[in-house]
Amino acid sequence: MTSDRQVVLITGARKGIGRFLAERFVRNGALVEGCSRKPPDWSLEGYTHHLADVADEAQVRAMMTSIARRHGRLDIVINNAGVAAMNHSLLTPVTSLDRIFDTNVRGTFLVCREAARLMQRRRFGRIVNLSTIAVPLRLEGEALYAASKSAIETLTRILARELGPLGITVNAVGPTPIETDLIRGVPPEKIQKIVESLAIRRLGRFEDVANVIDFFVRPESDYVTGQVIYLGGVS
Amino acid sequence: MTTLFTIDRGVVVALIIDSLRDLYEQNGVTTDSEPDEGTYLIGRRALLDSLGLVTLIVDLEQKIEEAFGVALTLANERAMSQKNSPFLTVGSLADYICALIDEQRNV
Numbered sequence: 040m041t042s043d044r045q046v047v048l049i050t051g052a053r054k055g056i057g058r059f060l061a062e063r064f065v066r067n068g069a070l071v072e073g074c075s076r077k078p079p080d081w082s083l084e085g086y087t088h089h090l091a092d093v094a095d096e097a098q099v100r101a102m103m104t105s106i107a108r109r110h111g112r113l114d115i116v117i118n119n120a121g122v123a124a125m126n127h128s129l130l131t132p133v134t135s136l137d138r139i140f141d142t143n144v145r146g147t148f149l150v151c152r153e154a155a156r157l158m159q160r161r162r163f164g165r166i167v168n169l170s171t172i173a174v175p176l177r178l179e180g181e182a183l184y185a186a187s188k189s190a191i192e193t194l195t196r197i198l199a200r201e202l203g204p205l206g207i208t209v210n211a212v213g214p215t216p217i218e219t220d221l222i223r224g225v226p227p228e229k230i231q232k233i234v235e236s237l238a239i240r241r242l243g244r245f246e247d248v249a250n251v252i253d254f255f256v257r258p259e260s261d262y263v264t265g266q267v268i269y270l271g272g273v274s
Numbered sequence: 016m017t018t019l020f021t022i023d024r025g026v027v028v029a030l031i032i033d034s035l036r037d038l039y040e041q042n043g044v045t046t047d048s049e050p051d052e053g054t055y056l057i058g059r060r061a062l063l064d065s066l067g068l069v070t071l072i073v074d075l076e077q078k079i080e081e082a083f084g085v086a087l088t089l090a091n092e093r094a095m096s097q098k099n100s101p102f103l104t105v106g107s108l109a110d111y112i113c114a115l116i117d118e119q120r121n122v
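Sequence lines, in order, name chains A and B. 40 is the number of the first residue of the first sequence in this note's numbering; add one for each residue after it. 16 is the number of the first residue of the second sequence in this note's numbering; add one for each residue after it.
Next up, chain A with everything else stripped away, as it sits in the complex (with noise of 0.2 Å):
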């Protein structure tokens, strides 16, 4: 069993964000866990990886039963997994539907579930999960993917209210597009006109995701729950 170091689970912490965001709470002391269908090319003290499928039931409940027995605790969920697909809604096959929603949604709420239930043990808990500019913005082009994660907005805020009670908050952050794989696909001239249409016009970067991180899941945060925030100057 832990002692008093936090633990903190990461959903798709194998590159991008995911990775940056375990980097960044082991360095601070925390216990990291991540997980990800593939397993990643690194490895860290302080972090253990799980080799899931958020949208897998009994891969989820596998990986919260490890957490438990090890720590006994969970403290902070960054619910980071996302898959996207950038397409014309009369271009989009309907595989791309049940591959985005698996993940985005169905993923996000079988993490959320198993969380809770392992954080209202001690009557605390910080889960924070990721949305995108693309809902406030209605990207053409991004009709699958923002509609997934506006069901996470929606998710976010609900739950948010049934787990109040029980010492839980539950928030999301909303990146501008950032230098990751999720975004390789995009042609350059339409991340440029996404930026152009920000408050603050650049590209975002992960120090900035995890700044609001940090506010979300600080102690003094418990009375911050059920929030949606942008980056950019979106709203």
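These aren't lab readings, by the way, just hints derived from the structure by calculation. Just so you know, even glycine gets a beta-carbon here, dropped at the ideal spot from N, CA and C. The reader is advised that the hints may include incorrect statements.
[Stated by the list, open to error] Label pairs and their computed distance ranges (CB to CB): (1) 48(B) <-> 78(A): 51 to 59 Å; (2) 219(A) <-> 48(B): 58 to 66 Å; (3) 127(A) <-> 55(B): 55 to 63 Å; (4) 55(B) <-> 236(A): 57 to 65 Å; (5) 250(A) <-> 55(B): 45 to 53 Å; (6) 69(B) <-> 262(A): 20 to 28 Å; (7) 122(B) <-> 128(A): 41 to 49 Å; (8) 25(B) <-> 80(A): 49 to 57 Å; (9) 47(B) <-> 68(A): 41 to 49 Å; (10) 84(A) <-> 85(B): 34 to 42 Å; (11) 78(B) <-> 258(A): 25 to 33 Å; (12) 219(A) <-> 25(B): 50 to 58 Å; (13) 84(A) <-> 81(B): 28 to 36 Å.
Given the structure of chain A, go ahead and fit chain B onto it with the hints provided.
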């Protein structure tokens, strides 16, 4: 021939009462008598509110998994649609849990 309850029902009752005591304590619920098989979990005679019942179910699922190595979902659609709710009393819940564990083990 099959045996109705192959697990120790008394252990299940004890788990439920143990969880119930913890919940009463956490929520500052005071009672004149110790919880027993006849203690109501839902309805006007229950001391738990709806969130308390949710917490009890979650807690019991975890305890059952630890005690019997069986992952149960207590609040499934079948339970919610049963005319006589298995969540009515400690005793009815214990019967329900024993039946579910038996069912799962005999699959």
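* Structure versus earlier hints, numbers of those that do not hold, lowest first -> none
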